[in-house]
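Engineer: Whenever a hint applies, use it, and build me the whole structure from the sequences.
Here the protein sequences come in this chain order: A and B. Here the first sequence stands for residues 1 to 311, where the numbers follow the working numbering. Here the second sequence stands for residues 1 to 242, where the numbers follow the working numbering.
Misleading hints may appear alongside valid ones.
Derived SDA-like pairs: lysine to any residue, alpha-carbon spacing no greater than 20 Å straight-line [said to hold, decoys possible]:
#	chain 1	residue 1	chain 2	residue 2
1	A	6	B	123
2	A	215	B	91
3	A	215	A	227
4	A	6	B	69
5	B	65	A	211
6	A	215	B	68
7	A	215	B	55
8	B	77	A	155
9	A	215	B	93
10	A	215	B	69
11	B	77	A	205
12	A	6	B	93
13	B	77	A	214
14	A	215	B	72
15	B	77	A	6
16	A	155	A	97
17	B	77	A	195
18	A	215	B	70
Derived from the structure by calculation, the hints contain no laboratory data. Bear in mind the structure is a predicted one, so any value in this text is a computation, not a measurement.
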Amino acid sequence: MNDRIKWCCILLALLLVFFLSLGAGQQWINPFHASGQDGFILWQLRLPRLLIAFAVGGMLALAGAWFQVLLGNPLAEPYVLGVAGSASVGAVAGLIIMPESAWMMSAGAFVGAWIGISIVMAFSHLGAGRMLLAGVVLAAFWSALLALLLALLPKNSLGLAFAWMMGDLSHSDIPIALLSLAWIVALGCGLVLSRSLDALLLGERHAEALGVDVKPLRQRLLLLASAVTAIAVTAAGTIGFVGLVIPHLMRMLFGSLHRAVLPASAIGGGLLLMLADTAARTVLAPSELPVGVLTAMIGVPVFLFLLLRRS
Amino acid sequence: MEGLLSLSNLGVERASRCLLSGLSCAFHAGEVVVILGPNGAGKSSLLLALAGLIPSSGETSVLGKNLHHYSRYELSKQVAWQGELPPTEFGLTVQQRLNLALSDGCGAMESVVQSMDIQTLLQRPLGELSSGERQRTELAALMLRDAPIWLLDEPTAHLDLKHQIQCINMMKTERAQGRAIITVLHDIQQAMAVADHLILIDGKGGAEYGEASLLFNNVRLSQLFDVPVIKQGNLLVPDYGE
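Structural biologist: This is the structure in structure tokens:
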């Protein structure tokens with residue numbers, strides 16, 4: 001199958017999933033004939049949530065692709081350096097300060113994410129291996145701190161905290177326009193850096209020999225990937241698997257060059273999260289499942305299937 | 001005479017260990033300089049220092065301009081370095097790897113691919129190649145770089161006899177076309193076949209530069225490698241005993 005057909009398939013899938021997700025819910029609403037209260041549900045409730053899912057999923061997949069190249073490790077994902085952990089600590093700390101306040105939780109998550117990132121940045125000059133080690137150790141520290149804070153959290157805020165930690169798209173305190181802009185800027189920056197990122201696949205030394213200034217590139221990439229992760233986490237809590245699975249899936253489809261992998265991941269990640277979120281709010285409607293559970297349930301079997309088929 | 005690449009009092013340190021110091025020489029267009037020495041003596045480090053990939057002391061100038069005054073991109077136009085590729089995990093194919101080396105559309109992809117016998121490998125991921133195939137791919141990637149100075153780190157490693165000879169012949173052809181080639185080799189016969197000058201690195205901080213015809217003698221090489229090297233006709237060979 002040539003690349004053009006694959007792109008057509010992805011875009012077709014995107015359209016299909018978009019309209020399916022728009023229509024699906026506690027009750028099916030035909031997106032082409034919706035008016036009155038149905039119209040309100042469709043355009044004021046489902047559409048914004050769908051757009052959030054798309055932007056967040058896309059950004060997580062982009063961040064995953066960047067971290068994998070940056071750390072030279074196929075197992076890397078957006079949370080590998082402990083950003084999810086520090087964001088969760090921040091979110092719960094926010095809830096302790098102001099119980100039951102979703103806004104305070106998001107603000108806490110954003111601050112927490114950046115504290116985590118700043119600590120990891122201090123290790124970035126030591127090279128990929130040690131930065132990864134620092135990230136893993138920090139993640140353990142954050143999870144211990146999280147356990148401590150959860151014990152201190154008032155009972156009435158526990159539900160909110162747990163829902164957030166498993167990924168929650170039902171309320172986002174970041175405006176959709178801002179999230180969409182972040183998605184576009186992230187993809188644009190990624191595409192500008194794509195040739196340097198390709199060279200980085202050969203290892204740092206070979207990239208330098210090809211004329212790539214590796215140190216500033218690494219700094220920029222780390223900052224970019226971290227900022228995108230922080231925004232995604234703040235908007236939707238911690239959602240696993242999208243950032244790990246989608247970049248690999250797209251490499252299987254399009255090869256490893258970033259001018260294809262990055263846009264495909266930005267769309268593919270959005271697609272998976274839209275699908276997962278739709279399933280999360282319809283399977284047991286009117287109650288909702290955590291979307292992180294669904295991304296794993298959809299993403300992992302598809303990934304394993306493709307892995308088996310390829311070998 | 002000022003060379004394409006000249007060193008004045010060059011010193012290289014790795015992990016606080018002085019590998020070599022006080023090396024002064026100039027490399028000219030149309031010559032091959034072979035670096036010889038025992039394992040861990042600092043041969044590869046010397047190449048990395050010349051490519052500006054690790055720090056060094058003293059002064060290194062490339063086409064009359066201090067190495068450290070070049071941007072990474074400008075330097076890559078003048079100096080091409082070939083070294084072993086670390087294992088890559090992301091399925092880059094041979095063709096894609098070669099495209100990365102192809103700067104600004106110059107270089108003749110087809111003839112280079114043919115000269116390294118990698119026509120059938122182009123769509124294969126690097127991770128699935130044998131060591132020899134990887135090496136040939138890296139040599140092809142080097143040949144696509146239109147830099148006047150080439151630095152090669154054990155170019156014949158992992159190659160079968162046929163491709164070892166092709167590699168040596170390739171260096172001779174490039175020399176004839178005015179390329180300055182500095183290469184690390186382990187095989188004395190190969191070194192004798194191609195070297196105009198030698199750099200001998202002893203692993204104790206000392207480095208000696210000189211004409212190949214003077215430095216290729218059995219006493220000097222026996223000393224350098226700490227094993228007997230004997231003369232057989234025009235050749236110098238290691239003494240493997242009975």
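Engineer: Could you work out which earlier hints the structure fails to respect and list their numbers in ascending sequence?
Structural biologist: 2, 4, 8, 9, 15
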